[in-house]
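Each chain is listed here by its residues.
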Amino acid sequence: MDEKTLIAKRVALELKDGFLVNLGIGLPTMVAAHLPKDMNVFFQSENGLIGMSALPEQGFALGDLTDAGGAFIGALPGACAFDSATSFGLIRGGHLDVTVLGGLQVDQSGQLANWMVPGKMVPGMGGAMDLVSGAKQVIVAMQHTAKGKSKIVSKCTLPLTSVRRVDLIVTDLAVLQPSDEGLILKETAPGVSIDQVKAATDCELIIPSNVPEMQITA
Amino acid sequence: MSKLRTLEEAVAATPEGAVLMIGGFMGAGTPHRLMDELVRQGKKGLTVIANDTARPNVGIGILIDAKLVAKLVTSHIGTNPETQRQMIAGETQVELVPQGTLAERIRSGGFGLGGVLTPTGVGTTVDEGKQTIEIDGKTFLVEKPLKADFALINAKRADYYGNVDYALTARNFNPLMAMSAETVVVEAADIVPVGVIPPDVVVTPNVLVDYLIATENRHG
Numbered sequence: 003m004d005e006k007t008l009i010a011k012r013v014a015l016e017l018k019d020g021f022l023v024n025l026g027i028g029l030p031t032m033v034a035a036h037l038p039k040d041m042n043v044f045f046q047s048e049n050g051l052i053g054m055s056a057l058p059e060q061g062f063a064l065g066d067l068t069d070a071g072g073a074f075i076g077a078l079p080g081a082c083a084f085d086s087a088t089s090f091g092l093i094r095g096g097h098l099d100v101t102v103l104g105g106l107q108v109d110q111s112g113q114l115a116n117w118m119v120p121g122k123m124v125p126g127m128g129g130a131m132d133l134v135s136g137a138k139q140v141i142v143a144m145q146h147t148a149k150g151k152s153k154i155v156s157k158c159t160l161p162l163t164s165v166r167r168v169d170l171i172v173t174d175l176a177v178l179q180p181s182d183e184g185l186i187l188k189e190t191a192p193g194v195s196i197d198q199v200k201a202a203t204d205c206e207l208i209i210p211s212n213v214p215e216m217q218i219t220a
Numbered sequence: 131m132s133k134l135r136t137l138e139e140a141v142a143a144t145p146e147g148a149v150l151m152i153g154g155f156m157g158a159g160t161p162h163r164l165m166d167e168l169v170r171q172g173k174k175g176l177t178v179i180a181n182d183t184a185r186p187n188v189g190i191g192i193l194i195d196a197k198l199v200a201k202l203v204t205s206h207i208g209t210n211p212e213t214q215r216q217m218i219a220g221e222t223q224v225e226l227v228p229q230g231t232l233a234e235r236i237r238s239g240g241f242g243l244g245g246v247l248t249p250t251g252v253g254t255t256v257d258e259g260k261q262t263i264e265i266d267g268k269t270f271l272v273e274k275p276l277k278a279d280f281a282l283i284n285a286k287r288a289d290y291y292g293n294v295d296y297a298l299t300a301r302n303f304n305p306l307m308a309m310s311a312e313t314v315v316v317e318a319a320d321i322v323p324v325g326v327i328p329p330d331v332v333v334t335p336n337v338l339v340d341y342l343i344a345t346e347n348r349h350g
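Respectively, the protein sequence lines represent chains A and B. One point on numbering: in the numbering used here, the residue at position 116 of the first sequence is 118, and numbering is uninterrupted. One point on numbering: in the numbering used here, the residue at position 15 of the second sequence is 145, and numbering is uninterrupted.
Treat the hints as calculated values from the structure; they're not laboratory data. Keep in mind that the hints are not guaranteed to be accurate.
Mimicking BS3-like on lysine-lysine, the simulated pairs with C-alpha atoms at most 30 Å apart in a straight line are [as the list claims (entries may be wrong)]:
no., chain 1, residue 1, chain 2, residue 2
1, A, 138, B, 268
2, B, 201, A, 122
3, B, 277, B, 174
4, A, 138, B, 201
5, B, 268, A, 157
6, B, 268, A, 122
7, A, 138, B, 197
8, A, 122, B, 286
9, B, 286, A, 6
10, B, 201, B, 277
11, B, 197, B, 268
12, A, 200, A, 157
13, A, 188, A, 157
14, B, 286, A, 157
15, B, 201, B, 260
16, A, 149, A, 188
17, A, 39, A, 200
18, A, 188, A, 6
Derived, one-sided and incomplete: chain B residues facing chain A with beta-carbon distance under 10 Å [unchecked claim]:
no., residue
19, 155
20, 186
21, 219
22, 220
23, 254
24, 255
25, 256
26, 259
27, 260
28, 262
29, 263
30, 265
Label pairs and their in silico Cβ distance ranges [claimed, not checked]:
no., chain 1, residue 1, chain 2, residue 2, range
31, B, 220, A, 58, 29 to 39 Å
32, A, 152, B, 312, 45 to 55 Å
33, B, 267, A, 119, 43 to 53 Å
34, B, 324, A, 57, 29 to 39 Å
35, A, 192, B, 200, 31 to 41 Å
36, A, 56, B, 166, 24 to 34 Å
37, A, 60, B, 220, 42 to 52 Å
38, B, 174, A, 3, 28 to 38 Å
39, B, 220, A, 42, 43 to 53 Å
40, B, 326, A, 6, 30 to 40 Å
Here the structure is a predicted model, which means the values were calculated and not measured. By construction, the Cβ of each residue, glycine as well, lies at the ideal position given by its N, Cα and C atoms.
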C-alpha cells in the first residue's frame, strides 16, 4: 500500500455515520474512497453543495456541477445546493463536523501552516483559514517529511493558517494528537518503530507507555 | 421599461476603471459572454472582486490574459499562473481574502451592515492593519464591507421582470453580488415569461436586476 493510501485509510476511521465532512484538494480527497460501504457521510464542496459524489460516468459532466477545484462531479440523491455565504456559514458556524486538509507544517502547539511559502508559492488561502477556524474537528493529512525535512516542527516558520489548534495529524509514519502539553504519539504506522517516528520529527513528542499500531486493513 | 439589453450595450455601460463583482467559482457560474465582451471592448483598469481567476483562458482568467485588471480582491489565485505573474511583477494589485470572509464582506455590503466580525484570520497575515474586537472573551477581526459599481451575474433563468434563479454550484457568489452593486447585469441561460419561475424558487428578486442580457440563439 502506498503512503497516501495508508494516510487516507487511517483518516477514514475518524469519520462517523451522519457526519458533514469537507475534504481538501489532493490527498484528503482520497479519504472518500475508503469509507465503509454502509456508512452515510455527507461531503460538502465549499463552492456550494452537500452530497457531492464522483462523476457517475463519462459523458454526464455538467458545467453547473463542479467541485472546488473546478472538476466535474456528481450529486447524490438528497443533495442540496446553496450560495457561498451559506456554504461558509456551515463551515464557520460550527456545523461542519470534520475538515481534512493537507499541511506544509504543523508545530508542537498544534498550529498549522498550509497556504503559502513566501517568495515561492502564493496561491491564496481559499477556504483553508475558514475551515481550520470553524470546523468542529480539524484533521491534517500529510506526509511526515518532505524532501528529507520533517513537516512536524517545534514552531511553524511558514505563515499560519489559523491560531486554532488542530485536533489530529495523520501521516505515513504516525498519528499525533496535539494537547496543552505538546504532541502525543497516539499510533505508529504498520512496521514503523517509535524511534523512526522520533527521528523523522523535528520536535519533542509525548510518548505514552502504550503506542498501538494503526489498525489498517489491506 | 424592458431590462433587456444586447451584450454590446450592457458592457458599453461599464466605464474603464469600474469596480466589478463577477460571479463564479473556477469558471462555473461566471457570465462567460460578458467576459468575452469586456475583452472585445477592451475595458481597462478594472477592479475585480471575485472568488478566483480560474485558469488562463477560462472564466475570469480571460480578463487577466487581456491585462484588463488593475486590482483584484479574491480568495485564490493558485490555479492561474498568469495572475500570480502579474501580481509578482506589480502589474496587478492583489488582495487575498479568506473565502468565507470574502462572501461575508460582499454580503454585508449589500445588506447595509458596517462589516463583519470573524475569528477567521486572527493571528495570521490576514489581520495585519485590521482592528480586532473582543466579545465574551473571544477575539474577532473587523472585516469591512465590499461594494461594486457593477455586478456581473450568471443565472440559470431570469424572467422578463428580472427574477432570477440559479443552477447547482453555479450559484456560488452570484446572489450575494447581486445585492451589493449599483448596477446588476444578469446573463441567464434562459429568459422566460413572468410566472415560469415560481415565487418560492426565485433567489434574486427582480428589483435588484438592472440589465438582462439577451440569450444567444442556441438553435441557429
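| said: I'd like to know which numbered hints this structure contradicts. Please list them from smallest to largest. | reply: 4, 6, 7, 8, 9, 11, 14, 17, 20, 21, 22, 26, 27, 28, 29, 30, 31, 33, 35, 38 and 40
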